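Undergrad: Please build the complex by placing chain B on the supplied structure of chain A, with the hints as guidance.
If you read the protein sequences in the order shown, they are chains A and B.
Sequential numbering of the first sequence, starting at 212, is according to the numbering used here.
Sequential numbering of the second sequence, starting at 642, is according to the numbering used here.
No lab work stands behind these hints, which were simulated from the structure alone.
Since the structure is predicted, the reported quantities are computational estimates derived from the model, not experimental observations.
Treat the hints with care, since some could be wrong.
Using 27 Å as the maximum straight-line C-alpha spacing, the simulated DSSO-like pairs for lysine-lysine come out as follows [what the hints assert, rightly or not]:
(1) A:K560 with B:K712
(2) A:K1072 with A:K593
(3) A:K418 with B:K715
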Amino acid sequence: MINPFETKREVVNTSPIVSDEVKKTTCYMCACRCGINVHLKDGKIRYIDGNKDHPINKGVLCAKGSAGIMQQNSPAKLTKPLLRVGERGEGNFKEIEWDEALRIATTWLSEVRNKDPKKLAFFTGRDQSQSLTGWWASKFGTCNFAAHGGFCSVNMAAAGMYTIGGSFWEFGEVDWDHTKYLLLFGCAEDHDSNPIKMGLGNLKTRKDTKFVSINPVKTGYSAIADEWLGIRPGTDGLLVHSIIYELLKANKIDWKYLERFTNSNWLVYNNPGNKNHGLFVRDKNNQPLIFCKIKKKILKSSEENTKPSFFGSYYFNDVNVIPSFELITKELLNDDFKPSIVASKTDIKESVIKRIASEIAETAFEKEIELPIKWTDINGKKHDTMIGRPVSMHAMRGISAHSNGFDTCRLIHILQMLIGSIDVPGGFRYKAPYPKHVVPGPKPSGHKSIPNTSYDGMPLGFPSSPEDLLTDENEKPIRIDKAFSWENPLSAHGLMHMVINNAWKGDPYKIDVLFMYMANMAWNSAMNTKETIAKLIDKDKITGNYKIPKIIYSDAYYSETVPYADLVLPDSTYLERWDCISLLDRPISSADGAADAIRQPVLESKRDVRPFQDVLIDLGARLGLPGFINDDFSAKFPNGYIDYIVNHERKPGVGPLAGWRGNGDSFGKGKVNPNQINEYIKNGCFHNHKFSSDQSYYKFANKSYINIANEFGWIGKKEQIVLQIYSEEMQKFRLASEGHGSKKPPDYMRARIKKYFRPIPKWYQPIEDNNIESEKYSLNAITQRPPHMYHSWGSHNAWLRQITNRNYLYISEFVAKKNKLKDNDWIWVESSYNKIKVQCRIMKGVNKLTVWTWNAIGKRKGAWNLDPKSPETEKAFIINHIIPDLLPKREDGYNYSNSDPITGQAAWYDLKVDIYKCKENEIDYKVYPAFKTLKNKSRKNIEINTYGKQIKKSFSKNQSTKHFEYIGNKKNY
Amino acid sequence: MTELPKKTNKKLGLVIDLDICVGCHACAVNCKEWNTSGHSSPLHDVEPYGDDPTGVWFNRIHTFEVETEVKGSKTVHFPKSCLHCEDAPCVSVCPTGASYKREEDGIVLVNADTCIGCKLCSWACPYGAREYDETAGVMKKCTLCVDKIYNENLPENERVPACVSSCPTGARSFGDLADENSEIVKLVSEREGYDLMPEQDCKPVNKYLAPKLNKDIFKNNELKPISKDENQSFEDWIEQVQGASK
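For reference, chain A alone in the conformation it holds in the complex (with noise of 0.2 Å):
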């Protein structure tokens, strides 16, 4: 009996057993792969927390990886390969076995290889073991291969790679121990989620800091900082060029790192109409040359003990020569770039922008930093300490995602050349194996397609010259996206955007498979996704056949795109399965050292589902393809991908993992080692090859560091590594599009080239701007993440969607005054191609002509085992529908890709709308376009989600746990 009166006092169990075993393996609940704990109990998910020990999340988790229980509880997981029987689309599937789907498989792409091999198209969207499906695509021998970063991040890539070799997004990182200034471009949660806070929290706690973010939107990291600019979208690059101008007209720029780690006193060729012009002056060996002002004579750049002449006219054999940095500053000091001209087009006004260049100043030159840490240079000159000029600068999709971002972030990346800040103390820093050469080798492979052959090389590379493309005799395009041609000629990681339509269109040609993996291609991974749809279920009017004849596609849950596959291969969850976070694809390295990992399977699972990597290899061994075979033509792994992983050799000694191999004492270089993956679940699935503190910066030009970057194969050669302040490859394609060279761009490209390609970035606006009737099409739409979800895996989530299952359109106050619009109103928002039909919802936090909304919430009734009648279906929504991925006819009469003109990046943030008030009769509470509800017959309801009951009961006083990590609180990182 329970006595009202009395405080009856509850026995609490204050050490419950949390688990039988500890399991650590790597986070896929975004890209940023953390290293987890999953903590199991009765073969279920107790917990899932940050590993301590591990280099990129030193113990913390976000959101999304704190809910990996509930993605792997997911009743929208796929369960048994399937066959599609009625029209695509529908979502008409019959299960089918293992074996008959391979086999199906099996004979679509040998019936390809057999015949012309490119006429498979294999994008494998956001796949973490590129190195794997690349080389796989070049086994097949198809140039038709890429992942998702032509729709993410080339932009970033490319402008870091063809200018230091290196670059932001999650290959480098802000020196967040010393910096001291931070200026943040565009930049929300994504990719590096974890380090990201962790060092903004680690900035903000520090005396005298001051972090600058620059984005239309002020939400997440924005809200935190010290200043808000909320710049107009596409813009960031002309702020950018007005605070080079300020710095160069004090003459505030540290001549001494431009001299000694860039490019800047090279000299380069003063020759219009010839097709040296712009190039760099170069001796019979190659080497570029400078003017030494004491001994008055050109000389070798690598020359020691001359005074390189930045400005000045010069002539070597008989042609003027003028050093690069006088062609650039002519250029940057334009008075178009004044903040007094520059202020009304970014909305960042006058003052600010030069506040912001005085405080750059002062901290770069007054708040210079000194590490005691002695070094030697590469010329073998020893230095005591390391100087640092602290001011560091990060930047992603905000830049990235726009026509002008690959200029945009090359001018970021002058900006810190200038004042010095590229990996020294407390600025930008590389991580492993960057830096490399500019511009990086290999090229794209796959000029010509033979049956049954493999390429060499890999398809995707960095084209240093028009003579890299992949173009035929008549310059028209080899890839089925176009990458790598001259509508976007440093497309390095392909377009996976392009690749539907142009099938469909059978431009440049007609293919016969497409296959994809994990891209959710009839939804949030398409622009214009109306006819994305259509284009996957046309028929050719005369044969009846589709026009995109067979589609094979993985993925783990039912997506939007699963109804409009042919054969459905279901994969994993990131629990079930083994992977590998390799140094030959994306590692986890950080600055302080190299880091790859693994994920091993710490759940088994009860579905007939099988991880893509092993099917992939499996595939390969049924096609024959070389490196999947023995010479007697077995499997060559027949254990799948761990076979792979330990027993693959990228060239003698360099596989997949790095770390324990030869006797398990080497790292880099060794020979296979059967126990490499005992040795890494020991360590907690990643190991960490740690530099030592004299190769911690100035990794360009630090002997010790490019030795061993050297020894390790990440460079090719023991030599510093130039800052290309001036970029030559651009000069190559500008040339070429002024008729020099073998390889020309055809008659009706040339201006296009010409104008895009520049030795010295040039911002220009967004590319949109100029097709649509601007005045009408006035506000910017863009979109961000939301902190706790990634894409669509993450936002059918039990616990994230409680979070957040719906989206508003947010638009400023400005605009809601404009428009007459109150919160909640329904409204129209129309491009200049197409229309939804959404609720607004209005903020201060805003830029006042940019509307925004949160990304990938929206979802197609009948996927994802949702309620057909879920927020969000009904009141949610995606932009894709109204962004474009074609831009409209030129005069040359072709229709443009909507993307980067350089690097085919997918322009997600050109997007221009106007908005306006719903008529009362059009307002149903739904948003609008509505799509047909997915057919799943397996969806299941789900009352009560009562996970944890069945746990909680097991839970007993006698046993013992088997922890055998430490693992912890982050208030030790």
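TA: Frame of chain A, contents of chain B only:
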């Protein structure tokens, strides 16, 4: 109706730094994840894949904009969970003694066995920090991870609340706010940590640290051009910077 202890030996609680909270929800989800198999297990979700998914969360993040006089608008991310008040009205109002404050450490808990689900406590709590689990018919709330912070089956430095160990920015600290020499008390004093709604007289143990106003750490507001001439030619600029570098 339920008595509060006259004094608690410790005042365990959280200090939350609003200056660095980016509103990422890591703490909320990690809390849910730990606690759904913890002391108050399970934290039910109703219609998790339905048209109105709802569930029990001990920690929720509210994001809103405020207008400040000096700096214009400010976006605030405000994590909210039980503040384990010294004068917890949720305890004194409880008719069954199910809601109670522990004498040893000050943690406010609910005994699910004696809770009758009358919700008086949630009416009494001025912070709205209680969570009624309609499936179980009992009130639930933040336990400060009472089954984690003392758990001898976990390594010592893992014995902190889940919201603290997961927080990526380090915005959450945990400790004994009664211990004048503790790190956490020093942090509160350095940053002038404050009580949420002190006028409610609940004496919350948890403290919040306010967003910092920008300190002016710079000497100048703009750079001085090397030339006073607005229309300085490029050639003059070259001459002057070369002269300056000599």
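Undergrad: Are the Cα positions of K1072 (chain A) and K593 (chain A) separated by 27 Å at most?
TA: Given that 27 Å is the threshold and the Cα spacing comes to 65 Å, the pair is violated.
Undergrad: Hinted pair, alpha-carbon criterion (27 Å max): K560 (chain A), K712 (chain B). Please report holds or violated.
TA: Cα-Cα ~15 Å, so holds.
Undergrad: Within a Cα-Cα threshold of 27 Å, do K418 (chain A) and K715 (chain B) meet the stated pairing?
TA: 21 Å, holds
Violated hint for the displayed structure: number 2, the only one.
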